[in-house]
Each structure stands twice: as C-alpha cells, then as structure tokens.
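A.B. asks: For the sequence shown, my numbering assigns the number 1 to the initial residue and increments by one for each residue that follows.
Certain hints may be false.
Taking lysine-lysine and the PhoX-like style, the derived pairs with C-alpha atoms no more than 20 Å apart in a straight line are [what the hints assert, rightly or not]:
| # | residue 1 | residue 2 |
| --- | --- | --- |
| 1 | 192 | 209 |
| 2 | 11 | 34 |
| 3 | 95 | 117 |
| 4 | 11 | 31 |
| 5 | 117 | 97 |
| 6 | 31 | 8 |
| 7 | 94 | 11 |
| 8 | 95 | 11 |
| 9 | 97 | 192 |
| 10 | 8 | 34 |
| 11 | 117 | 94 |
Note that these hints are calculated values from the structure, not bench results.
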Amino acid sequence: SQLFEDLKDIKVLFVGAGEMIELVVTHFAAKQPKAMAIANRSLERGEKLASRFGAEVMRLADLPDRLHEFDAVISCTASTLPLIGLGAVERALKKRKHRPMFMVDLAVPRDIEPEVKALEDVYLYTVDDLASVVQAGQAQRQAAVAEAEVIIDAGVQSFSHWLGQRDVVPLIQQLQTQADAWREAEVARARKLLAKGADPEAVLDALAKGLTQKMLHGALAELRSADPAHRELTMQTVQRLFLRQER
Numbered sequence: 001s002q003l004f005e006d007l008k009d010i011k012v013l014f015v016g017a018g019e020m021i022e023l024v025v026t027h028f029a030a031k032q033p034k035a036m037a038i039a040n041r042s043l044e045r046g047e048k049l050a051s052r053f054g055a056e057v058m059r060l061a062d063l064p065d066r067l068h069e070f071d072a073v074i075s076c077t078a079s080t081l082p083l084i085g086l087g088a089v090e091r092a093l094k095k096r097k098h099r100p101m102f103m104v105d106l107a108v109p110r111d112i113e114p115e116v117k118a119l120e121d122v123y124l125y126t127v128d129d130l131a132s133v134v135q136a137g138q139a140q141r142q143a144a145v146a147e148a149e150v151i152i153d154a155g156v157q158s159f160s161h162w163l164g165q166r167d168v169v170p171l172i173q174q175l176q177t178q179a180d181a182w183r184e185a186e187v188a189r190a191r192k193l194l195a196k197g198a199d200p201e202a203v204l205d206a207l208a209k210g211l212t213q214k215m216l217h218g219a220l221a222e223l224r225s226a227d228p229a230h231r232e233l234t235m236q237t238v239q240r241l242f243l244r245q246e247r
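My request is simple: use the sequences and hints to build the entire structure.
C.D. replies: Structure follows, in structure tokens:
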C-alpha cells in the first residue's frame, strides 16, 4: 500500500496454488485489485483456486512472456530451482518502461533469483525480510491500541458525566467501577488480538461492539424477565435511561 496508492489499480500475479498462496490471494481479493492471475504447474489446481476469486489462470511456462503485465508478484512454490530469473525481470521492466514492480518470495528455497533485489525499479521481499516488516507493524498496532483506549475513555467519561447529575453517589461509584472493569477487559482483549496480527480496524469495531453489549446487557435482561405486572414500569425506566433525546 505504500508503493501503490490504490490497490484497485494494480494487477497481481500469484505463482503457486498451495495453502500459503491461498491465504495471500484471500487477502488481496479483499482489496479488490484491478486483476489477479494464478500461475501454477498444475493447471487443474490453479483453476480451482482461481475460480474462487475470479482470477485468471496461466501456465508457469508463460511467466517470462507475461511478467511485464503485473505490478505485484507473490510466489510460493515447492520448486527446488528459481522460477523467475534476473533476465526475465529485466525484460519485464523494459516492457513496463521501468514502472516499479512489487515482488514477494515466500518460498524456501527461493522462487525468485536473489539478484533481482538489486534492480532499481523492483521492490523484492523474501521470508528473511518479513521479520522486520512484522516489527514495523507492531508500532502501528500499538497506535491502534492507544486509539482504542481514547475511544473507550471518551465513552466512559460521557457516561460518568451523565451519572454525575444524579444524587446517588454509592450507586454512581459502583457503576463507575463496573464501567472501568468493562473498559479494562475490552482493552486487554483488543491488545491480544492486535498482538496476533489482527486487522486494527476490525479490532476497534469488535471492541466497540463488546463495550456496547456489556452496557446494554443488564437492561435487555430486565426487559426479558420483567414480571407482567411491572413490565410497563420497567420499559419506561429503560427508555428513560437509555433512549434519552439529545437536546
């Protein structure tokens, strides 16, 4: 995403059709690139994976002639020899008029010749580079945690302000303690998910939903279990507390 401003404008080539490539294709498909193609030694297996994501399938033998068509190339096969050589990439760059190419080699041994990394218009990453990429991502995840804490604190403060208008100090303190416990639990859960590499936006969404469910659980439980004789009063109380109109 740092190399290409909009992933919807790029063409992506996946070399291989194993479990790792399947995971990567799933990730890229969610970004809706302009086009995707899968090159595999077994056309049948390649076609099976390609059909799931609306991708084109091609033969490995066609790689040298078609490499220039793609802005991003991700490779992970069981080949014992490189499938993409320096010469093939140089020819592809010439046909592309040296528009940059993003390449990821997840194979061991490598699918892409190491010399390709020296080319000026190629950004090649291997499994050896992934550790540093993951470390860089840690900083972003920590930033997401901080953002989540700000969101929760803002909600708790708003709730506390509303409670402050009531003359029931002991109850206010109990509610404040409960709200703080909810916040700490949700933040701890978010930290664990982010540490595992979960998408920060999805974690924030789950965090907000979790906090909302906790806040509404008591009211919903009361509504469901209220005695018929007192149901109207319960409904009025819940409505007054949770459905107040903003002025």
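A.B. asks: All hints are to be evaluated individually against the structure, with a verdict given for each.
C.D. replies: Evaluation of the provided hints:
1. For the given pair, residue 192 sits about 17 Å from residue 209 by alpha-carbon distance, which is consistent with the 20 Å threshold.
2. Using a Cα cut-off of 20 Å, the hinted pair residue 11 and residue 34 holds, with the two alpha carbons roughly 5 Å apart.
3. Between residue 95 and residue 117, the direct Cα distance comes to roughly 18 Å. Compliance with the 20 Å bound is thereby established for this hinted pair.
4. Annotation: proposed proximity of residue 11 to residue 31 holds, straight-line Cα distance about 12 Å (limit 20 Å).
5. The straight-line distance between the Cα atoms of residue 117 and residue 97 is roughly 18 Å, inside the 20 Å bound, and the hint therefore holds.
6. Of the supplied pair hints, the one linking residue 31 and residue 8 holds, its CA atoms being roughly 7 Å apart against a limit of 20 Å.
7. Between residue 94 and residue 11 the CA atoms are separated by roughly 17 Å; this keeps the pair inside 20 Å, and the hint holds.
8. Note on residue 95 and residue 11: the hinted pairing holds, with a Cα-Cα distance of about 15 Å set against a maximum of 20 Å.
9. Restraint check: the Cα-Cα separation between residue 97 and residue 192 comes to about 45 Å, which exceeds 20 Å; the hinted pair is violated.
10. Distance check on the hinted pair: residue 8 and residue 34 sit about 5 Å apart at the alpha-carbon level, within 20 Å; holds.
11. Pair hint residue 117 plus residue 94 holds up; C-alpha atoms about 16 Å apart against a cutoff of 20 Å.
Taken one by one, the earlier hints fail for this structure only at number 9.
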